[in-house]
Amino acid sequence: MTHRSTISTLAAAFAVALALAVPPAFATDAAPTEKDPVAQARAVKLSETLRCLVCQNQTIADSNAELAVDLRRQVREQIAAGRSDDEIITYMTDRYGDFVLYRPPVKATTILLWGGPLLLLAIGAFALVRIMRERRSVPEAPPLTPEERARAEALLAAPSRKDPA
Amino acid sequence: MNRKFLIPLGVFAVLFAFLLVGLGLNPREVPSPLIGKPAPAFVRNQLHAPDKTMGTADMKGQVWLLNVWASWCVACREEHPLLVQLGKAKVVPLVGLNYKDEPTDGKRWLAQHGDPYTVSVVDRDGAVGLDFGVYGVPETFVIDKAGVIRYKQIGPVTVEALEKKILPLVRELQKS
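Respectively, the protein sequence lines represent chains A and B. 177 is the number of the first residue of the first sequence in my numbering; add one for each residue after it. 699 is the number of the first residue of the second sequence in my numbering; add one for each residue after it.
Source of the hints: derived by calculation from the structure; they are not laboratory data. Heads up, some of the hints might be wrong.
[Claimed, not checked] List of simulated lysine-lysine pairs, DSBU-like, C-alpha gap at most 30 Å:
{"hint": "1", "chain 1": "B", "residue 1": "Lys805", "chain 2": "A", "residue 2": "Lys283"}
{"hint": "2", "chain 1": "B", "residue 1": "Lys750", "chain 2": "B", "residue 2": "Lys702"}
{"hint": "3", "chain 1": "B", "residue 1": "Lys843", "chain 2": "B", "residue 2": "Lys798"}
{"hint": "4", "chain 1": "B", "residue 1": "Lys863", "chain 2": "B", "residue 2": "Lys798"}
{"hint": "5", "chain 1": "B", "residue 1": "Lys702", "chain 2": "B", "residue 2": "Lys735"}
{"hint": "6", "chain 1": "B", "residue 1": "Lys862", "chain 2": "B", "residue 2": "Lys758"}
{"hint": "7", "chain 1": "B", "residue 1": "Lys862", "chain 2": "B", "residue 2": "Lys750"}
{"hint": "8", "chain 1": "A", "residue 1": "Lys283", "chain 2": "B", "residue 2": "Lys758"}
{"hint": "9", "chain 1": "B", "residue 1": "Lys798", "chain 2": "B", "residue 2": "Lys735"}
{"hint": "10", "chain 1": "B", "residue 1": "Lys788", "chain 2": "B", "residue 2": "Lys702"}
{"hint": "11", "chain 1": "B", "residue 1": "Lys862", "chain 2": "A", "residue 2": "Lys211"}
{"hint": "12", "chain 1": "B", "residue 1": "Lys798", "chain 2": "A", "residue 2": "Lys221"}
[Unchecked claim] Where chain A lies over chain B, by a calculated footprint (3+ residues, C-beta under 8 Å):
{"hint": "13", "segment": "729-738"}
{"hint": "14", "segment": "820-834"}
For glycine and all other residues, C-beta sits at the position ideal for the given N, C-alpha and C.
All chains, please: the whole structure from these sequences, using the hints.
Here's what the structure looks like:
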């Protein structure tokens, strides 16, 4: 085996090991919803919309931080207690604010967040259209005056001295 | 003169300003929605007298601090000497919430590092912490006479935070 193929084999093995080593955090929690597949699905779905405040770019479904484990347990307990999804979301935002939501709500303070990309797109499109219009309307050369035309024709009619033919 | 070259420069200046401001922000500090709202009510056993309880109702009518701490919390050691000083000064009641901790560990830790708390309560399962929106320990809340949360210190209490924010706020609230 060549050196290069050893490295790529190792890299592949490492990737496979990494994929196997990170099971969904949910599989490990024992909790009230475990026996009920519908409640379980709801718990997973809700947990995927909630941010873990410790490891901020993970949902509480992905994270194994202690806080995420607690919040997952809360979600499950509240589902078992018959609360609706909205009630559970409200419970979380009452304590942790909108930051706990992975999908921030559209309101006055987040309008720039939601509208910003559209605004940028509009500015870009406007600039593009303007630049393209400018390029298309390159001014044509002014028409020749009769004297100029006569001179040009005379020049073209005269045999060129440098013409090898 | 054609000033078109100024456009990219302007765009760059705007981006630069945004990034510069962004550098100064702390992503760990999540603004609490509880500021200005009544502190979640709790009644818990006291750490040093497990047969007695203490709750938010006991603190009605006075300005007080709630400090969330644990023996396993490394950053708590950083703020602790300052809390001990504050406890000695007796300017404001300081309630300790022993968060997700074994009471024996908590008591040993206080014996070792000093006990600044007017009273310590046990929150073994972290339920009180959850109600207060605690996501990192230590955290410190300033609660007014009516039981409304006025300020939340995320992370260790620093000399600066104590002198510039917490103590002035406490004095102001005590006057009203």
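Do the hints match the structure? See the list:
1. Lys805(B) to Lys283(A): With Cα atoms ~47 Å apart, lysine 805(B) and lysine 283(A) exceed 30 Å; violated.
2. Lys750(B) to Lys702(B): violated, 75 Å
3. Lys843(B) to Lys798(B): Judged against 30 Å, a Cα distance of about 27 Å means the pair holds.
4. Lys863(B) to Lys798(B): holds, 28 Å
5. Lys702(B) to Lys735(B): Distance of about 52 Å is beyond 30 Å: violated.
6. Lys862(B) to Lys758(B): holds, 25 Å
7. Lys862(B) to Lys750(B): Status violated; Cα separation ~35 Å.
8. Lys283(A) to Lys758(B): Judged against 30 Å, a Cα distance of about 35 Å means the pair is violated.
9. Lys798(B) to Lys735(B): Between lysine 798(B) and lysine 735(B) the Cα gap is close to 24 Å, so the pair holds against 30 Å.
10. Lys788(B) to Lys702(B): violated, 65 Å
11. Lys862(B) to Lys211(A): violated, 53 Å
12. Lys798(B) to Lys221(A): Holds, at about 27 Å.
13. 729-738: This one holds; 4 residues, not fewer than the three required, reach chain A with a Cβ under 8 Å.
14. 820-834: With 7 residues close enough to chain A, the hint holds.
The earlier numbered hints that this structure contradicts are 1, 2, 5, 7, 8, 10, 11.
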